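Number of protein chains: 2
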Amino acid sequence: MELWFSEYHLPGLRYSLKVKNFLYTGQSKYQRLDFFETYEFGKVFTLDGIVMLTEKDEFVYHEMMAHLPSLVHPAPKRALVIGGGDGGTIRELLKHESYESLDLCEIDKEVVDKCKIYFPETASKLDDPKVNLYFEDGIKFVQNKKNYYDIICVGSTDPIGPAVGLFKEDFYRMCYDALTDDGILIAQSESIWYHGDIIKEVNKAFKKIFPEVKLAVASLICYQSGFWSFTLGSKKYNLLTDIDENRAKRIEATCKYYNLDIHKSCFYLPNFAKEFVK
Amino acid sequence: MELWFSEYHLPGLRYSLKVKNFLYTGQSKYQRLDFFETYEFGKVFTLDGIVMLTEKDEFVYHEMMAHLPSLVHPAPKRALVIGGGDGGTIRELLKHESYESLDLCEIDKEVVDKCKIYFPETASKLDDPKVNLYFEDGIKFVQNKKNYYDIICVGSTDPIGPAVGLFKEDFYRMCYDALTDDGILIAQSESIWYHGDIIKEVNKAFKKIFPEVKLAVASLICYQSGFWSFTLGSKKYNLLTDIDENRAKRIEATCKYYNLDIHKSCFYLPNFAKEFVK
Chain A
47 MELWFSEYHL
57 PGLRYSLKVK
67 NFLYTGQSKY
77 QRLDFFETYE
87 FGKVFTLDGI
97 VMLTEKDEFV
107 YHEMMAHLPS
117 LVHPAPKRAL
127 VIGGGDGGTI
137 RELLKHESYE
147 SLDLCEIDKE
157 VVDKCKIYFP
167 ETASKLDDPK
177 VNLYFEDGIK
187 FVQNKKNYYD
197 IICVGSTDPI
207 GPAVGLFKED
217 FYRMCYDALT
227 DDGILIAQSE
237 SIWYHGDIIK
247 EVNKAFKKIF
257 PEVKLAVASL
267 ICYQSGFWSF
277 TLGSKKYNLL
287 TDIDENRAKR
297 IEATCKYYNL
307 DIHKSCFYLP
317 NFAKEFVK
Chain B
47 MELWFSEYHL
57 PGLRYSLKVK
67 NFLYTGQSKY
77 QRLDFFETYE
87 FGKVFTLDGI
97 VMLTEKDEFV
107 YHEMMAHLPS
117 LVHPAPKRAL
127 VIGGGDGGTI
137 RELLKHESYE
147 SLDLCEIDKE
157 VVDKCKIYFP
167 ETASKLDDPK
177 VNLYFEDGIK
187 FVQNKKNYYD
197 IICVGSTDPI
207 GPAVGLFKED
217 FYRMCYDALT
227 DDGILIAQSE
237 SIWYHGDIIK
247 EVNKAFKKIF
257 PEVKLAVASL
267 ICYQSGFWSF
277 TLGSKKYNLL
287 TDIDENRAKR
297 IEATCKYYNL
307 DIHKSCFYLP
317 NFAKEFVK
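Chains as they are written, first to last, in the numbering used here: chain A, 47 to 324; chain B, 47 to 324.
Please note that a few of the clues may not be correct.
The list treats identical chains as interchangeable, and a pair is accepted whether it falls inside one copy or across any two copies.
Pairs of lysine-lysine residues, derived as DSSO-like cross-links and limited to a Cα-Cα distance of at most 27 Å, are as follows [what the hints assert, rightly or not]:
no., residue 1, residue 2
1, Lys-102, Lys-250
2, Lys-246, Lys-310
3, Lys-141, Lys-320
4, Lys-310, Lys-324
5, Lys-302, Lys-324
6, Lys-282, Lys-75
7, Lys-192, Lys-310
8, Lys-302, Lys-141
9, Lys-295, Lys-246
10, Lys-320, Lys-102
11, Lys-123, Lys-302
12, Lys-186, Lys-246
13, Lys-102, Lys-324
14, Lys-254, Lys-324
Please keep in mind that the hints were generated in silico from the structure rather than gathered at the bench. The structure displayed is predicted, hence computed values, not measured ones.
Can you build the whole structure from these sequences, using the hints too?
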């Protein structure tokens with residue numbers, strides 16, 4: 047039998063992976079979850095048919111999400127991850143010894159439960175004593191926190207369905223308020239090639255709120271176009287010049303994608319993308 | 047009618063574009079040529095069913111190919127492009143006023159003839175008086191030149207079929223001999239994510255021949271994984287520190303991808319790719 051999974055990266059662009067075997071299919075309160083094994087990318091996790099995670103490249107997203115802000119803040123103690131139920135960002139954050147407490151707010155408990163079973167390497171640190179799991183709506187959760195987190199990482203799904211509110215200015219402002227005076231917010235902001243309008247909107251919203259805003263890019267293989275963006279907002283530190291190079295060198299030794307050169311250069315945008323952050 | 051073009055980026059990974067209409071299909075002496083219009087990437091050109099060029103992203107490849115070497119050499123006068131029958135690299139090279147003569151060696155005259163019709167913007171400079179077209183085998187052509195070119199750009203197809211010889215040490219050595227004493231060779235060297243073995247082999251061969259070798263990367267959308275590599279070999283100039291920043295600034299003003307920051311940082315590799323160039 048030949049079995050293929052397809053995702054429409056654009057209405058006229060389809061990306062298809064040959065499936066070795068299915069591991070799990072289920073419907074939670076919020077969305078459909080599928081885990082399957084592919085020939086090219088190892089295990090794959092999809093939500094409502096959209097790839098969230100593959101074994102082959104998950105490290106890129108999680109390393110960038112965790113280390114870009116954590117290596118600019120001189121000694122982050124508390125971080126909040128919104129929507130990263132697979133646990134990959136938590137795993138990377140825990141590499142920084144200064145963290146005393148990490149909160150993960152994932153709306154869908156099923157994501158955590160199933161990732162622990164099917165992506166044990168990614169979810170490996172979700173039971174760490176420093177980690178607290180909250181199965182709640184990210185917006186409501188962050189609304190109740192003030193001046194509390196050093197770092198907030200927003201790993202939302204695409205801005206359709208349950209995650210649409212995570213791309214709004216109001217939400218970023220709540221994050222600002224939930225951050226300490228020298229806090230940093232990082233949010234995934236879609237593909238440089240296909241989602242210029244979303245990046246522009248996120249960038250504009252961040253700039254209304256944070257004195258220092260930067261757009262970072264990274265190469266991965268499972269998301270649209272393979273060139274993914276992250277928007278960072280910082281209250282106090284300079285995202286380019288305040289990188290702690292000694293710590294970065296120690297962290298890079300544990301990484302498959304991240305290194306200090308990547309950190310310094312991930313903010314350099316191709317000309318066509320510069321207009322998104324004007 | 048719904049019409050889709052598919053390319054297998056890997057045996058278990060298929061990339062499919064919805065086709066608006068077909069422009070041309072033909073068989074040359076060497077290969078099958080297809081030109082068609084897609085919904086997402088505009089016009090697309092394929093050879094034997096493999097995407098060579100799309101309207102949406104062709105600038106990335108050609109800007110990198112032309113400007114990385116031309117902005118390190120202080121005043122390149124003569125360049126050779128092997129296999130770039132679409133004319134995109136020639137168009138970019140001509141932005142450098144120092145060039146007196148540009149040779150294009152394309153094995154398949156049909157590629158040039160049809161690109162002039164279906165990609166007139168890319169092929170726009172092929173009739174420039176500085177440009178000489180040769181419809182010959184690249185290996186034989188370069189073999190007959192000694193100490194002649196300042197820059198050689200090898201824009202081969204994948205290392206299967208007619209282009210396989212363009213990935214061999216013998217060929218790079220002929221290029222070395224065809225270059226002047228301070229010449230620079232650049233060759234496309236496939237995907238960072240999927241072709242580590244090819245990159246390693248090319249890098250090893252370059253290092254046997256050139257004192258200075260670097261691997262550059264760029265994001266595009268039409269080739270496998272979207273993260274493409276170029277291997278550069280230089281006889282005399284330092285590929286990182288000898289960039290002519292003033293000229294680079296003038297060139298970047300004409301580009302959609304290339305800029306000086308991109309030039310400086312395109313040699314920074316993710317950790318997993320560093321082992322390819324050890």
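For each hint, the structure was consulted:
Only between protomers do Lys-102 and Lys-250 lie at most 27 Å apart by alpha-carbon distance; the minimum there is 26 Å, versus 33 Å within a single protomer. Taking the shortest Cα distances, Lys-246 and Lys-310 sit within 27 Å of each other both inside one copy (22 Å) and across copies (25 Å). In this assembly of identical chains, the alpha carbons of Lys-141 and Lys-320 lie at most 27 Å apart only when taken from different copies (22 Å versus 32 Å within one copy). Both within a single protomer and between protomers do Lys-310 and Lys-324 lie at most 27 Å apart by alpha-carbon distance, with minima of 20 Å and 22 Å respectively.
Taking the closest pair of Cα atoms, Lys-302 and Lys-324 come within 27 Å of each other only across two copies (15 Å); inside a single copy the shortest separation is 32 Å, beyond that limit. Taking identical chains as interchangeable, the C-alpha atoms of Lys-282 and Lys-75 are never at most 27 Å apart, the minima being 39 Å within one chain and 64 Å between chains. In this assembly of identical chains, Lys-192 and Lys-310 lie within 27 Å of each other by CA distance neither inside one copy nor across copies; the values are 31 Å within and 41 Å between. For the identical chains of this complex, Lys-302 and Lys-141 are intra-copy neighbours only, at 14 Å inside a copy versus 38 Å across copies, given an alpha-carbon limit of 27 Å.
In this assembly of identical chains, the alpha carbons of Lys-295 and Lys-246 lie at most 27 Å apart only when taken from different copies (25 Å versus 32 Å within one copy). Taking CA atoms no more than 27 Å apart as the test, Lys-320 paired with Lys-102 passes between copies only; the shortest distance there is 17 Å, against 30 Å inside one copy. For a Cα distance limit of 27 Å, the shortest separation of Lys-123 from Lys-302 inside one copy, 24 Å, qualifies, whereas the shortest one across copies, 41 Å, does not. For the homomeric pair Lys-186 and Lys-246, the shortest alpha-carbon distance inside one copy (25 Å) is at most 27 Å, but the shortest distance between copies (50 Å) is not.
Taking the shortest Cα distances, Lys-102 and Lys-324 sit within 27 Å of each other only across copies (22 Å), while inside one copy they are farther apart (34 Å). Proximity of Lys-254 to Lys-324 under the C-alpha cut-off of 27 Å is restricted to the intra-copy arrangement: shortest distance 13 Å within a copy versus 45 Å between copies.
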